[in-house]
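Protein chains: 4
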Amino acid sequence: MHYKVCLLGATGMVGQKFVQILENHPWFKLTSLAASEKRIGKRYGSEVEWIVSSDIPKYAKDIEMVPLDPKQIDADIVFSALPPEIAREVEPKFAEMGFAVSSNASAFRMHEDVPLVIPEVNSEHLALIEVQKRKRGWDGFIITNPNCTSTMFVITLKPLMDFGLRSVRIASMQALSGAGYPGVPSLAITDNVIPFIRNEEEKCESEPLKMLGKLVGDRVEFANFKISASCHRVPVLDGHLEAVWVEFEREVSVEDVKKAFRSLKPLDLPTSPREVIVIREEPDRPQPRLDRDTGNGMSVVVGRIRRDAWGIKYMVLGHNTVRGAAGASILNGELLVKEKFV
Amino acid sequence: MHYKVCLLGATGMVGQKFVQILENHPWFKLTSLAASEKRIGKRYGSEVEWIVSSDIPKYAKDIEMVPLDPKQIDADIVFSALPPEIAREVEPKFAEMGFAVSSNASAFRMHEDVPLVIPEVNSEHLALIEVQKRKRGWDGFIITNPNCTSTMFVITLKPLMDFGLRSVRIASMQALSGAGYPGVPSLAITDNVIPFIRNEEEKCESEPLKMLGKLVGDRVEFANFKISASCHRVPVLDGHLEAVWVEFEREVSVEDVKKAFRSLKPLDLPTSPREVIVIREEPDRPQPRLDRDTGNGMSVVVGRIRRDAWGIKYMVLGHNTVRGAAGASILNGELLVKEKFV
Amino acid sequence: MHYKVCLLGATGMVGQKFVQILENHPWFKLTSLAASEKRIGKRYGSEVEWIVSSDIPKYAKDIEMVPLDPKQIDADIVFSALPPEIAREVEPKFAEMGFAVSSNASAFRMHEDVPLVIPEVNSEHLALIEVQKRKRGWDGFIITNPNCTSTMFVITLKPLMDFGLRSVRIASMQALSGAGYPGVPSLAITDNVIPFIRNEEEKCESEPLKMLGKLVGDRVEFANFKISASCHRVPVLDGHLEAVWVEFEREVSVEDVKKAFRSLKPLDLPTSPREVIVIREEPDRPQPRLDRDTGNGMSVVVGRIRRDAWGIKYMVLGHNTVRGAAGASILNGELLVKEKFV
Amino acid sequence: MHYKVCLLGATGMVGQKFVQILENHPWFKLTSLAASEKRIGKRYGSEVEWIVSSDIPKYAKDIEMVPLDPKQIDADIVFSALPPEIAREVEPKFAEMGFAVSSNASAFRMHEDVPLVIPEVNSEHLALIEVQKRKRGWDGFIITNPNCTSTMFVITLKPLMDFGLRSVRIASMQALSGAGYPGVPSLAITDNVIPFIRNEEEKCESEPLKMLGKLVGDRVEFANFKISASCHRVPVLDGHLEAVWVEFEREVSVEDVKKAFRSLKPLDLPTSPREVIVIREEPDRPQPRLDRDTGNGMSVVVGRIRRDAWGIKYMVLGHNTVRGAAGASILNGELLVKEKFV
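Protein chains in written order, with the numbering used here: chain A, -12 to 329; chain B, -12 to 329; chain C, -12 to 329; chain D, -12 to 329.
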């Protein structure tokens, strides 16, 4: 079983993570790298400023870059690491032409008929695909994964939904790689924290409510609680760390929460981690540098689960460019295959 | 007007900040440096591993260190930068012998008859001094300042008290200097965040309630709301940054909060900043490296004041070893002078 | 005595340092800020992304920016913080029109008739000004200061010249601010060293030989030794640290070297430090964070002077954007005034 | 083929790297962990403050720690990660009792009859083992590997020996892990470089001359050139980067040097890298974070090979706790097996 894969936006930070994770993928074979005008016809290896590891995977070096044009591409599935303003233009063209597009871009996440999916959280939202195709008259479709910061805490909120969520507050300490490359200047962040990431709090307060919402007929009824986020950039290479406070509709113990976390099972997909939520019992974990690669970067790691005056607070950590970006889109792509949308 | 000052615990990180801030102080003249056994009789300059600036202030270099023994010390006021377990033993001896002790240590902060004071917040709690002397039969007394993390957000909560506080949550991003020297190993914190600081959350959830409480007869009635803190160490040299969420008893606007912040006036003391709370209007401030020295490290800087579903959230930053430690004790000392307790 | 000063290239990193250092300058009054087309007519405070300290100096905020056009500028002296390719076009226009231009740019440093000057090292090279005006038929002139890395070690080599230099090798550990803003991406330099800085080694191997050369008639005879440099970027905000190896024509002791260093006297200029070369005797100094601000950033700090099999090795440190850039140009401007070239 | 292995000094930073590298080793089975008094009888997993990766290898967790006493240990080979002052006492006791000791400690490196070995450089020095046993009357013996900083550049000097070395200068930029744990305080090294590492320059100037020396009868004739080192600590987790200048007895081209580097072949041992010296052709490599794990941390990576006025200069990088410590001792142990000393 091999699917031909096209990647849109291959040279950026997240694009590189796609290329890295897709090396030796059992189902997907990356055959097309689509890039902006000036790069067309050039080899990936000579164009990319590779920064995510020591060397570009050999398999990708000689792939010739093609235009962002669905007519010139032959693929079973399209992954998109495009910036939102380009995604807005380009992704619909691919969907219209019949491609299955699994996008990391924010452009269509909140569109009513576009699934915003974390496989372990709301795979049933894929049913929106048919709605989307019907409404838009497309042969193909777009599905999306959430922003990196939401991803981590939404995975932990999912198994807590049964307790009845009343309020969620999160304070994020986000990694540099979340800003892409060149991204955050070293002069800005050395010996410093920057307590602002454009649009991030807005995303963290809206996207989760869609994902944790219920599919009713042709649409998603948003989850019925509120979120308040405070987002901060810290001098860490990879791994978003988040402090989370949750109030519930009923009394919930630390043990209840742990049990719920352990109940969230991985799907049987190539990129699934063995454990979706890993619980660390040490008093000072999770830590970005030590825990971000847990489950090849696809697990989220929680710790310090404790009670406060109103509910429960805990820490959650995940790898922002793996579970929070490239790995998320790829997992969504795998889900599409399994569910026979591709 | 010159007061002779003795400093207990002069060689540690906070001790060094005392020595630095007291250089050229208009009222206080540091004449005694008290240290542990092995250092007695040696010159400060040859014993201290000076790390808070390029050079030890000249005035302090040749001061000979004396024992932690009140009988051998001549001073009008005693500052303590001792670790808590030593403070517990030593500070009462000084107070008993008639010294006015202004301590940065945590040992006595929560004792019922010991003032826990930030001058701009609860100077009226100094009335406990008489209670303390009477109860304990001491000729002198101990007053304390809060832990560094509480200091910053308590200063901002004070002017909000009139709105009726219902709940407070804070996420701290704390500087390395808060852990003293050698403190946090570079191998532990490089490219990392450590989401745990021993006893810090407990202090942040209790000390503020005392400071914001009301003096009723011989005791303080604690403030009637709850706090939930999540404390984290980040790779920043100085400056604690905190995300704060507040729920109020009534509807409060961003403009109300700013007005309240501006209403908190500095006292007329040598170490007082010109503005107690400085409001930054930029979207990405306060930042530790850029803002920690505001008001010579004695202002707290707030920013990003915004509404959420339940109340107000904002960022606050302060210099942890100045406003949060040495500067705090010195300001308390100045208050003692002004209020004629010394 | 007040001279009107125009600054070319005011919004970049080095431009900002000029603005900062010129605040309250006793001789110079910054009245014109010249910038690129799109900024003309706008206020400095609204255009600059200020990063060198907490706040823009008040005096500069409302200065309206003017074009890089000598006809529209009224000034007694012009400082240039332009990038080299623009400096190459713009500076000659100013010089031709009669302005005295003190430039930090590399464009003209190695031109035969352009003085490349560190006041304490080779002020006599200012005699080239007359040559330059004559040859080029200009009413004004250009003088330059060297690149930041050369500056530090050239200041230390000057007093060693009498011992007869045979060879010099330097390994630099250069600060992030040397690359300007945004400059080095945090993702590139966190937990890393980058052993390459474009053109830097070439500059370090050529500029010093001009500065340490002898003025003979209308030209400078270059110094008669060779330099080999290896330049590296480290995660430090400010302060270039350099390891230097020197071979001499004759036997030289550590004490000889120290004596020579102490013999280099400051000029009597407003921006001169009290000591040009500060010698630290501790085994582990100079260090960038602790020593870069020595002499308000205008001293160079040396340490670890020791013998090896062939000569002497030592460390030298200096503030790259002060002594190595803005402060250097300003000191040169002061020298122009003192020597009556302005 | 399985050899029972005992590790002395198992809980420190380098000890942990031994435990990590020995997991799944094809020849060696770590069965004894020897530690100081207070830890005896306790399980490794409960005693060690594990910091070199996310989790302790499972195999090691339950190993019970034993005393540093040869009588209580059953092993075919003993690795030592002891601090030098303890190694001085303990290692001879093991050697005397018949154990083969492969030590990373500096205690015996420069003893005339103790091999100081990098397998690819001077495996023939193992002949000293017989001398050592004979002279000291021991049943076993001690062999050592060099300090981490020397290791990297000595590996590159070996293939250059044929050109005739005249002088070598090195400037090191050394990683934090080289100082062990807790090691360098974060307050000391953040936004800083420390230009001093105790005894490091002395080791770098002596150990290489022994390794590159010739075995003549019962002793090593030291190599006949001089080294001058300047050693600096930089804020990097792992990976020592070194700038090297070499003067030769004859004209040597960059191509000659590359060819020589390529000629150094790996031995056929389990821990050998596929390439001993990896040459990077990019202008800005090697970099610690990108290149330290090359060859599982057992390759050294060179780059920027270029001529200067007197010879050749280049950069070399190696993983200090792998190729420079634990991996080095293990490779030496493998060599002992292959050469039938065990």
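Everything labelled a hint here was simulated from the structure, so no lab data went into it. In this text, a Cβ means the ideal position worked out from N, Cα and C, and glycines have one as well. Take these hints with a grain of salt, some might be off.
A short, non-exhaustive set of chain A residues, derived as facing chain D with CB atoms under 10 Å [said to hold, decoys possible]:
id, residue
1, 239
2, 240
3, 281
Below, computed lysine-lysine pairings styled on BS3-like, alpha-carbon distance capped at 25 Å [claimed, not checked]:
id, chain 1, residue 1, chain 2, residue 2
4, A, 45, D, -9
5, B, 252, C, 45
6, A, 246, A, 213
7, D, 45, A, 252
8, B, 45, C, 252
9, D, 25, D, 122
Against the structure, the hints come out as follows:
{"no.": "1", "hint": "239", "in the structure": "29 Å, violated"}
{"no.": "2", "hint": "240", "in the structure": "27 Å, violated"}
{"no.": "3", "hint": "281", "in the structure": "7 Å, holds"}
{"no.": "4", "hint": "45(A) / -9(D)", "in the structure": "39 Å, violated"}
{"no.": "5", "hint": "252(B) / 45(C)", "in the structure": "24 Å, holds"}
{"no.": "6", "hint": "246(A) / 213(A)", "in the structure": "24 Å, holds"}
{"no.": "7", "hint": "45(D) / 252(A)", "in the structure": "24 Å, holds"}
{"no.": "8", "hint": "45(B) / 252(C)", "in the structure": "24 Å, holds"}
{"no.": "9", "hint": "25(D) / 122(D)", "in the structure": "35 Å, violated"}
Violation of the numbered hints given earlier is confined to hints 1, 2, 4, 9; the remaining hints are satisfied by the structure.
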